[in-house]
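**Student:** First residue of the sequence shown: 1, per the UniProt record's numbering; consecutive thereafter.
A hint or two may mislead.
Claimed, not checked - The list that follows gives simulated cross-link-like pairs (lysine-lysine, BS3-like), each with its CA atoms no further than 27 Å apart: (1) Lys-48 - Lys-4; (2) Lys-71 - Lys-40; (3) Lys-40 - Lys-11; (4) Lys-41 - Lys-71; (5) Lys-48 - Lys-11; (6) Lys-4 - Lys-71; (7) Lys-71 - Lys-11; (8) Lys-48 - Lys-71; (9) Lys-4 - Lys-41; (10) Lys-11 - Lys-41; (11) Lys-4 - Lys-40.
Just so you know, these hints were derived from the structure itself, not from any lab.
Given the structure is predicted, the values throughout are model-derived calculations rather than measurements.
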Amino acid sequence: MLYKYRPEHEKVILGILTLTRRTEQVHYLPEELAWYADSKKRALYLWKDQFDNWAGVIGVEVTHHCLLVRKIILTPDAETYFNVFRILDNIRELYPNQPVIGTLQNQEVITRWERTTNE
1 MLYKYRPEHE KVILGILTLT RRTEQVHYLP EELAWYADSK KRALYLWKDQ
51 FDNWAGVIGV EVTHHCLLVR KIILTPDAET YFNVFRILDN IRELYPNQPV
101 IGTLQNQEVI TRWERTTNE
């Protein structure tokens, strides 16, 4: 289940975001949170797994024609295609009329997800 980022989730989201950053880049994370918060077109969501644990983050940006998935990060124990597909299913529920596209880093997994949902 997805939960829109709120300030009381800051430590959780920063912890998950650090999983993809090198140590010297961690100090930029508060700026990244501010970047998402600066626009109503951008959002960060926390994801809880089936065991009710915080297990992922997805960052999205709504454009005129699509929903751009900027990042998908899962904790190491939750990092499976199955869980990424669940997160993307949840995003589709939140933005049902927007085609979902990805960045160069995550388009492959989004394409796999689309193939499974269109079969």
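**Student:** Taking the hints in turn, state whether each one holds.
**Tutor:** Consistency of the hints with the structure:
Proposed proximity of Lys-48 and Lys-4 is supported: the alpha carbons are some 11 Å apart, at most 27 Å. In summary, the hint linking Lys-71 to Lys-40 is supported, as the alpha carbons are separated by about 17 Å, within the 27 Å threshold. Of the pairs offered as hints, the one joining Lys-40 and Lys-11 holds, with about 22 Å between alpha carbons and a cut-off of 27 Å not exceeded. Under the criterion of a C-alpha separation no larger than 27 Å, the hint pairing Lys-41 with Lys-71 is consistent with the structure, at around 15 Å.
Among the hinted pairs, Lys-48 with Lys-11 is consistent with the structure: their alpha-carbon atoms are about 15 Å apart, no more than 27 Å. The hinted pair formed by Lys-4 and Lys-71 meets the criterion: a straight-line CA distance of about 15 Å does not exceed 27 Å. Of the supplied pair hints, the one linking Lys-71 and Lys-11 holds, its CA atoms being roughly 18 Å apart against a limit of 27 Å. Of the supplied pair hints, the one linking Lys-48 and Lys-71 holds, its CA atoms being roughly 16 Å apart against a limit of 27 Å.
Under the criterion of a C-alpha separation no larger than 27 Å, the hint pairing Lys-4 with Lys-41 is consistent with the structure, at around 13 Å. Simply put, Lys-11 and Lys-41 have alpha-carbon atoms about 23 Å apart, close enough for the 27 Å limit, and the pair holds. Of the pairs offered as hints, the one joining Lys-4 and Lys-40 holds, with about 12 Å between alpha carbons and a cut-off of 27 Å not exceeded.
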